[in-house]
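Q: Each chain, letter by letter, is given below.
Protein chains: 2
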Amino acid sequence: MHFPALEQLVDLLGSLPGIGKKSARRIAFHILKSDPENSRRLSESVLRLRQEVRFCKQCGGLAEADLCHICSDTARDQSLLCVVEEPSDVFSIEDTGEFQGLYHVLMGALSPLDGIGPEDLRLKELSERIEQHPFREIFVATNPTLEGDATAHYISEMFANRGFRFTRISHGIATGASIEYADRGTLARSIRERKALSDAG
Amino acid sequence: MHFPALEQLVDLLGSLPGIGKKSARRIAFHILKSDPENSRRLSESVLRLRQEVRFCKQCGGLAEADLCHICSDTARDQSLLCVVEEPSDVFSIEDTGEFQGLYHVLMGALSPLDGIGPEDLRLKELSERIEQHPFREIFVATNPTLEGDATAHYISEMFANRGFRFTRISHGIATGASIEYADRGTLARSIRERKALSDAG
Numbered sequence: 001m002h003f004p005a006l007e008q009l010v011d012l013l014g015s016l017p018g019i020g021k022k023s024a025r026r027i028a029f030h031i032l033k034s035d036p037e038n039s040r041r042l043s044e045s046v047l048r049l050r051q052e053v054r055f056c057k058q059c060g061g062l063a064e065a066d067l068c069h070i071c072s073d074t075a076r077d078q079s080l081l082c083v084v085e086e087p088s089d090v091f092s093i094e095d096t097g098e099f100q101g102l103y104h105v106l107m108g109a110l111s112p113l114d115g116i117g118p119e120d121l122r123l124k125e126l127s128e129r130i131e132q133h134p135f136r137e138i139f140v141a142t143n144p145t146l147e148g149d150a151t152a153h154y155i156s157e158m159f160a161n162r163g164f165r166f167t168r169i170s171h172g173i174a175t176g177a178s179i180e181y182a183d184r185g186t187l188a189r190s191i192r193e194r195k196a197l198s199d200a201g
Numbered sequence: 001m002h003f004p005a006l007e008q009l010v011d012l013l014g015s016l017p018g019i020g021k022k023s024a025r026r027i028a029f030h031i032l033k034s035d036p037e038n039s040r041r042l043s044e045s046v047l048r049l050r051q052e053v054r055f056c057k058q059c060g061g062l063a064e065a066d067l068c069h070i071c072s073d074t075a076r077d078q079s080l081l082c083v084v085e086e087p088s089d090v091f092s093i094e095d096t097g098e099f100q101g102l103y104h105v106l107m108g109a110l111s112p113l114d115g116i117g118p119e120d121l122r123l124k125e126l127s128e129r130i131e132q133h134p135f136r137e138i139f140v141a142t143n144p145t146l147e148g149d150a151t152a153h154y155i156s157e158m159f160a161n162r163g164f165r166f167t168r169i170s171h172g173i174a175t176g177a178s179i180e181y182a183d184r185g186t187l188a189r190s191i192r193e194r195k196a197l198s199d200a201g
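Here the protein sequences come in this chain order: V and C. Numbering of the first sequence is given in the numbering used here, commencing with residue 1 and proceeding in unit increments. Numbering of the second sequence is given in the numbering used here, commencing with residue 1 and proceeding in unit increments.
Take the hints with a grain of salt, since some may be wrong.
Since copy identity is lost for identical chains, a pair holds within one copy or between any two.
Using 30 Å as the maximum straight-line C-alpha spacing, the simulated DSSO-like pairs for lysine-lysine come out as follows [said to hold, decoys possible]:
#1 Lys124 - Lys21
#2 Lys22 - Lys33
#3 Lys21 - Lys195
#4 Lys195 - Lys33
#5 Lys195 - Lys124
#6 Lys21 - Lys57
#7 Lys57 - Lys124
#8 Lys57 - Lys195
#9 Lys124 - Lys33
#10 Lys33 - Lys57
#11 Lys57 - Lys22
#12 Lys21 - Lys33
No lab work stands behind these hints, which were simulated from the structure alone.
Pulled out of the complex, with its shape left as it was, chain V reads as follows (with noise of 0.2 Å):
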């Protein structure tokens, strides 16, 4: 059974993130029963994905220009950066209205294990804008994962002493969730990294 354009397609289905060979395949037949249309639109979706959409010159999330909304949009706070792993961690964080600021994209996380290093990162980037512009505030908001928290931690090192405040994301329990289901690693950073309900005298 010697289909090229069958094999190809699986192959390059499946070489994305969370796409196995077997999905790949049924992925492959449902585009081959769906209407031509639909595969048509697929694509070309492929195509003007990278036609319209870069990433922002300066903090590397989504834009469709060189510069992303964001960061051009002058109402918004100057002196406040948010640094983020991935593009899509600025979707989330706008998402819930409450920060002001501007971001920064690192492209990753510190994972030595994965051979990602700090070059790898858009940590230079963020060091020329830091020097260039009087920030009062840098907001860390890796994940609270092994590779977040050495990002954060890297990054605090790296600027240190420089006369700003370094805020991280708060992690603990999400909000809905019950203690008995949350992790054990959730539940003791959430111990450790408890608040006053009111201040003690």
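Since the structure of chain V is already known, use the hints to place chain C on it.
A: Just chain C, lined up with the frame of chain V:
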């Protein structure tokens, strides 16, 4: 955060089988970050599949011409017909090297809950083939699921008393699997359909 090109691709990817909204987003970001050459290849590959691969006019399996290479192969056993649900099942059975006959792909299985009735399967085509061709054996290799079993039963009723041998793919514990971890349905069926190790007497 409004990126129509990204949203369109996430929607299209999310409509593929086994890909949810989160995976679709992850894949879209992967495409955005990867080499433009990769996304061009993926885009072309989707179109190429539809251009080069079609369904065989006779068996319904995959073909690069009107007839697939199995239907056109006169060296195969023309008296033996294997009925399967999907074109991919032909691949799996061919991989075993155990079957030398022809195939008939139904393009699904009976599933009243999903609104799939006999008229949605390639049963009319099966009927025509059986009338025009003197098959000796019809080997029904639909899946051992509720739907596959119902379909096998329907076919055996449909062509009852036509003078050919009806066979069904055997079910049981998978080779190399353990009885302890077999699901109850499989185990029950493998007991009901147990085979004699040696004939008594």
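Q: Checking against the hints above, which ones are violated?
A: 1, 3, 4, 5 and 8
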